[in-house]
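Guided by the hints, dock chain L onto chain E, whose structure is given.
Residue-level listing of the chains:
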Amino acid sequence: MNVFVEAVVTAARLTLEGSPALWGVIAVTFEVAIVSTVAGIVLGAPMGFLMGASRFRGRRVLVALTNTAMGIPPVVIGLIVMMVLSRKGPLGFMGLLYSVDAMSIAQTLISTPIIAGLVSAAVASVPGKLRLQARSLGASRVQEALLVLKEARLGVLAAIASGFGAVVRGVGAVMMVGGNIEGKTRVLTTAIVQESRMGNFGMALALGLLLMAITFAMNGFLTWYQHSNERYERG
Amino acid sequence: MSVSDSGANGLALSGVGIRKVYGKKTVVDIERIDIAAGETLALLGPSGSGKSTLLSIMGLLEPPTEGQVLMDGRAVSHKDKSARSHMAAAFQHPYLFKGTVADNVAYGMRLRRVPAKTRRAAVTDALAQVGLEGMEGRSALTLSGGEAQRVALARALVLKPRVLLLDEPLSSLDPLIKGQLAQDFARIFREHGMTTLYVTHDQNEAMAIADRMVILRDGQAVAAGGVDDVTGLPPDVWTASFLGSEPPLEGTVVSTGDGVTGVDVGGPVVETVADHPLGARVLVGVRPEDVLIFDASADIPQSTARNQYVGTVADVQLWGVMYHMVLDLGGARIASRVSRASVREMGLAVGSRVQVVFKATAVRTRRLG
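In the order they appear, the protein sequences are chains E and L.
Residues 2 to 236 (the working numbering) are what the first sequence spells out, left to right.
Residues -12 to 356 (the working numbering) are what the second sequence spells out, left to right.
I should point out that these hints are in silico values taken from the structure, not numbers from a laboratory.
We treat Cβ as the ideally placed atom computed from N, Cα and C, and that holds for glycine.
Hints may be right or wrong, so weigh each one.
According to the in silico footprint, chain E covers these stretches of chain L (three or more CB under 8 Å from chain E) [stated by the list, open to error]: (1) 7 to 17; (2) 36 to 48; (3) 85 to 95; (4) 142 to 151.
Straight-line Cα separation of at most 27 Å, DSSO-like style, residue types lysine-lysine; simulated pairs [unchecked claim]: (5) E:Lys130 to L:Lys12; (6) L:Lys66 to E:Lys151; (7) L:Lys68 to L:Lys147; (8) L:Lys346 to E:Lys130; (9) E:Lys151 to E:Lys130; (10) L:Lys66 to L:Lys147; (11) L:Lys104 to L:Lys147; (12) E:Lys151 to L:Lys11; (13) E:Lys130 to L:Lys147; (14) E:Lys130 to L:Lys66; (15) L:Lys11 to L:Lys66.
Chain E with its partners taken away, still in its complex shape (with noise of 0.2 Å):
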């Protein structure tokens, strides 16, 4: 029991005092959720929103193929953008491995398949005679897309913040990718396996109340949306 209490009590100090190093690790954190997030939203959601609202050809094999890589585990795609990056990989060259960058792009890969899932769940549920009422009254192609990603709006978020979700919290490929080192690729993630394995439970604990923060934050914001929007959502 000894343990936790000890645990708790380092945990209320560091999250109180702070220090660089937690600072560092916060910091690395977001950047890479952030970067990863906004590339997932950029590649991931205009692919979304032609799986749930055009039918073309082939379409059923891309949502197939999104479903199964949302559901790739992270590691497994740690290991390919580790050999992608690696010395002797294709995109050796560029010299990314062990660097935040790489870990962005790894994260991108999980935040992705997320993103363009739900988007196209959130879109597929909007009425497509919508977007046939809008082009009535003027709307181009891409304004209609605009409209029904507003009406889908709600799931576009959930997309958004599951997405994010999955990269702050992953692990696997990080840890692969950007290889836990210290003031540069250490993440609250990595940082807290690190911690534990180093005996420093109080430590571990602090970073997984951050990171829990962290998460409660995002889910607040989007129970709040919800809310302060509800009288315009169908029933």
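Just chain L now, kept in the frame of chain E:
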């Protein structure tokens, strides 16, 4: 683009050689359809007759497989943004967007980059026109069916379209609201002078709203003309049955004079005010609503109705609140609508002998050949 000579606000719209094929199925195949500037044309037909597809093509919402849409004589396509900016549509389901009523009504204006102040004033005006004053701030998704349909119409009207497309806008509403809205729509179309294409499967709605109608069957136009002409004299058996009347009678003009023409329809001579020469072959039709039935022994009150016959009830069907009755006038068949109370009172059934009365002015004719 010039405004049509008629001086109306609307633009003339035509479709020439319009065909739409989905896979191997031809859903629309129309040689020509014309809507004059400022006119309301009803596209009438059963489900699956291709009327909504034709509306989408005429409204430049989707391209035809073959054919051309003309706006004031100029060929236009779904890619023509300027042509599309003259049009607006409302559908059977109002498809209101999330947000307030004002957000919805202002949607098309935002796309056209109309300044906010102008938008607000226009939204207020449009809502007043459809009887929804002061509803700007309401959430669009909390409205009743009738209110939502009015918002959908306001959202189209606020753009001051010169061509308005309406696809069964009243069919999901209850009869009371439907009747009220049909009247309101007809008034608004008149006031705006816009060209309107109105898709419906309800001929009563079409008659309340439209000037002319085109009837579609399996993607093809089977009848076109003035509302009274088409409903009064359906061109064939299918159209007559769709419109709830009997097929037209074919006959020969046997008498003329005093502005009245007598047509022998193979038994009785039907009198009409139409002018045809002696011996001409003509089609004759009369709307069921114009045909009155009296008991065989009743003294018919003095009336100006020139057509009075004794006939037999050949068929009786209950259609909603009224009975549809087919009457045999000794070789010629016409239909009549009779209230439930009258049917009960007179004890009408197949085989009953009745007196049948209708005015010469209610008889429509078309010369054959």
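Structure-based check of each hint:
1. Coverage of the stretch 7 to 17 of chain L by chain E is violated. Counting CB-CB distances below 8 Å, 0 residues qualify, and the rule asks for three or more.
2. Check result for the stretch 36 to 48 of chain L against chain E: holds, 3 residues qualifying (beta carbon to beta carbon below 8 Å, three or more required).
3. Counting residues of the stretch 85 to 95 of chain L whose beta carbon lies closer than 8 Å to any beta carbon of chain E gives 5, which reaches the threshold of three, so the coverage claim holds.
4. With 3 residues bearing a CB less than 8 Å from a CB of chain E, the stretch 142 to 151 of chain L meets the requirement of three and the coverage assertion stands.
5. The straight-line distance between the Cα atoms of Lys130 of chain E and Lys12 of chain L is roughly 21 Å, inside the 27 Å bound, and the hint therefore holds.
6. A distance of roughly 24 Å separates the Cα atoms of Lys66 of chain L and Lys151 of chain E; the hinted pair therefore holds under the 27 Å criterion.
7. The hinted pair formed by Lys68 of chain L and Lys147 of chain L meets the criterion: a straight-line CA distance of about 16 Å does not exceed 27 Å.
8. Taking the CA atoms of Lys346 of chain L and Lys130 of chain E, the gap is about 47 Å. The hint is violated against a cut of 27 Å.
9. The suggested pairing of Lys151 of chain E with Lys130 of chain E holds, with an alpha-carbon distance near 15 Å, which does not exceed 27 Å.
10. Restraint check: the Cα-Cα separation between Lys66 of chain L and Lys147 of chain L comes to about 21 Å, which is no more than 27 Å; the hinted pair holds.
11. With a C-alpha separation of about 17 Å, the suggested pairing of Lys104 of chain L with Lys147 of chain L holds against the 27 Å cut-off.
12. Distance hint between Lys151 of chain E and Lys11 of chain L is unfulfilled; the C-alpha atoms sit about 36 Å from each other, more than 27 Å.
13. About 22 Å separates the Cα atoms of Lys130 of chain E and Lys147 of chain L, which keeps this hinted pair within 27 Å; it holds.
14. Distance hint between Lys130 of chain E and Lys66 of chain L is fulfilled; the C-alpha atoms sit about 19 Å from each other, no more than 27 Å.
15. In summary, the hint linking Lys11 of chain L to Lys66 of chain L is supported, as the alpha carbons are separated by about 25 Å, within the 27 Å threshold.
Hint compliance for this structure: hints 1, 8 and 12 are broken, all remaining hints hold.
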